[in-house]
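Using the numbering used here, you'd call the opening residue of the sequence shown number 249 and step up by one each time.
Misleading hints may appear alongside valid ones.
[Claimed, not checked] Ranges between beta-carbon positions, derived for each pair:
1) Glu316 with Arg280: 13 to 23 Å
2) Glu272 with Asp309: 36 to 46 Å
3) Ala327 with Thr299: 28 to 38 Å
4) Glu316 with Ser283: 28 to 38 Å
5) Asp310 with Glu270: 22 to 32 Å
6) Lys330 with Asp310: 27 to 37 Å
FYI, nobody ran anything at the bench for these hints, they're computed from the structure. As the structure is a prediction and not an experimental result, all values here were calculated from the model. Glycine included, every Cβ here is placed at the ideal spot set by N, Cα and C.
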Amino acid sequence: MNQGWNERQRPVRLERRLEFAEYEATRDFLDRAASLSERLAIYPDMSFGRTYVNITLHAEDDATEVGEALRQFAREIDALLKTEKTLDE
């Protein structure tokens, strides 16, 4: 898993904060993340401002660890970042 993701317990989840250089980059990332969510039918909690996005991927309610589907989604988010200009990389 990319070092940018933090795995948390209670509740089980993955979290990541992304910083972008400008609003246009943030908006482009959000649009592409929405397409990824629709394609994989995984809908993370996302909050954002002009130049940042916070992403939280929650495991199933009774899960004791983050499953492979969420880890794959996180990897695909990371792949989206390779074509974006972020400040955290």
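(request) Return the numbers of the hints above that this structure violates; sort them in rising order. (result) As far as the earlier hints go, 3, 4 and 5 are violated by this structure, in ascending order.
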